[in-house]
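> Once you've looked at the hints, dock chain Y against the given chain H.
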Amino acid sequence: MTAVLVVEQCLNGLQLGVMLFLMAAGLTLVFGIMNLVNLAHGSLYMVGAYLSVAFLEMSGSFLAAVALALPATLVVGMLVEVVALRSLYERDHLDQVLATFGLILFFNEAVSIVWGRAALFTSVPPALGGFVEILPGIRYPVYRATIILVGLAVALGLALVVSRTRVGMLVRAGASNRTMVAALGVNVRLLYTVVFGVGAALAGLGGLMAGPIYTVQPGMGEEILILVFVVIVIGGIGSIRGAVVGAIVVGMVDTLGRAFLKPMLATVLSPPAADSAGPALASMLIYILMAAVLYFRPQGLFPAVRG
Amino acid sequence: MASRVRAVTAVAGAAALAAVPVVAAALQEPFYLDLVRRVMIFAIAAVSLDLILGYGGMVSFGHAAYLGIGAYAVAVPALHGVHSGWLQWPLAMGVSALAALVIGAISLRTSGVYFIMITLAFAQMLYYLGISIEAWGGDDGMRLARRSRFGGPVDLADPYVFYYVVLALLLAVLALGHRVIHARFGMVVRAARSNEARARAIGFSPFRYRLAAFVMAGAVCGLAGALLANQTEYVTPGFMHWTRSGDIMVMVILGGMGTFVGPVAGAVAFLLLENVLSAWTVHWQIILGPLLILVVLYARRGLWGAVSGGSLGRG
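Sequences listed follow chains H and Y, in order.
In case it helps, our numbering puts the first sequence at residues 66 to 372.
In case it helps, our numbering puts the second sequence at residues 733 to 1047.
If we strip away everything but chain H, and leave its shape as in the complex, we get (with noise of 0.2 Å):
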């Protein structure tokens, strides 16, 4: 028994480690190669999750939905670049969270309006529903499972992306050098935008996979954006393989934490101090480690390399 619940919620921190990452991944890429702080990332992953609720309304099948959010979430994310964000990069990371809160504000009251301030729920798609017996006698929900396996899907892709191809080469170049780069005749601007797109596509597909299983509300990017702060945090800021890290381990301690801090308080505490305590530490574990980590290594485990 005991030991299913530990695959199992092991399996759950792998999700929530998983959709950290689509997060993370974008954040961290967006801040190594344009240096800006953008604290809106988190509205693009409820425009993800609001705009394939949408879809999925108006088409009534999953794969149209997805098909369609993505590319408009995309859009989204390259129409904020030029609009707002793009006379930003010169400036100090304070008018960049000013002006990014600003944004947040924005996306958050718009969503509102068109859809009012109640939560949605959306169930399931019923081809991705069920289980499957991951290990004999171990159950786990195929929708769950497949987050896994996208995500994973996604890191690999992004890591061949941008250590093979000449658009990666062109991403890591501008990340240590960009003044050399434009030099070079690149069309920085639009690599830029481009880089930013994507970063919104994926926190967008975070957002989209995200709607069956927590809640789509106005503020749902901001409550998943400060984890992620937390994982690039650990992982170093810039850094994609330091996001993987970061996302699996604190997908991980947050969701165990959750899981197993009070009854493993329980052995030591009495029962009603455990229940009080559990909780609280709990919620605050993932910013312990944080604390911890910055403590020993204050560019985070891997620091990006700066030229």
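To be clear, the hints were calculated from the coordinates, so they are not data collected in a lab.
Possibly wrong hints are sitting among the right ones.
Claimed, not checked - Covered stretches of chain Y, as calculated for chain H (at least 3 residues, CB under 8 Å): (1) 856 to 862; (2) 910 to 921; (3) 977 to 983.
Where a beta carbon is used, it is the ideal one built from N, C-alpha and C, also for glycine.
What follows is chain Y alone, placed relative to chain H:
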């Protein structure tokens, strides 16, 4: 010339704030008393943030944490029947200072964007902690049975007395802040902001000075939190929500950072704007958001910078 304009404006502002209760009483609009008192409480919080943000260059995105700690330091003793303000308010400042010491000691090891994210994450940690403590009302928070008691003529239940207490504290914070910033200590903090390498070269270790400023700002914001709890007569984890940190930061930037009048002007402008816009539409944030972006893009020195013509901000 500019300094004279500034001095005149500052005195006129203080006089205007002192006159508000008289005007509100004459107009029989107690609402304004309430609104301006709230504005002044947030002005104290904004001034405390400006101390580290504007003068120290530390972009703390978790300042609302101390607002929450200060508020809980009033409400938790009250829950156990201790209503004395002589105990609650120093407790608010003490616990906030302690929290700032721990958060600062860890966060100040980093800089730049790491610092922004870490302070944000710590504040959010305290927010979730507040939600998970059922004994203190969890998500719903708790009502304050009565305002802090000081004895004698200082009765905060009287809205006018409370108003002047807040005004006096605001002026005291401004005066103290002004002294600190222009003392040797403040010089070092500002020097470390404008050129850390040179500050080190002449023999200062910026870390200790920054940490001291960070703790000071936390303590003052804790006081604002204690006032806020008395103002609203309830406390929720929402006091610590990260959007609240964002609001305080916006007040500082909107008014003009690296000045003392700026954050006060920013608090006035922000809360009045909120008041006017939210009366107009429930979706007022859809106007505020783009407005913020415009301010960042085109009015970088803030309101006070535009009025006074000079600021110590990022020149």
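> All hints are to be evaluated individually against the structure, with a verdict given for each.
So, going through the hints one by one against the coordinates:
With 4 residues having a beta carbon nearer than 8 Å to a beta carbon of chain H, the segment 856 to 862 of chain Y meets the requirement of three or more and the stated coverage holds. By the rule of at least three residues with a Cβ nearer than 8 Å to a Cβ of chain H, the coverage given for the segment 910 to 921 of chain Y is violated, with 0 such residues. With 3 residues bearing a CB less than 8 Å from a CB of chain H, the segment 977 to 983 of chain Y meets the requirement of three and the coverage assertion stands.
The earlier numbered hint that this structure contradicts is number 2, and it is the only one.
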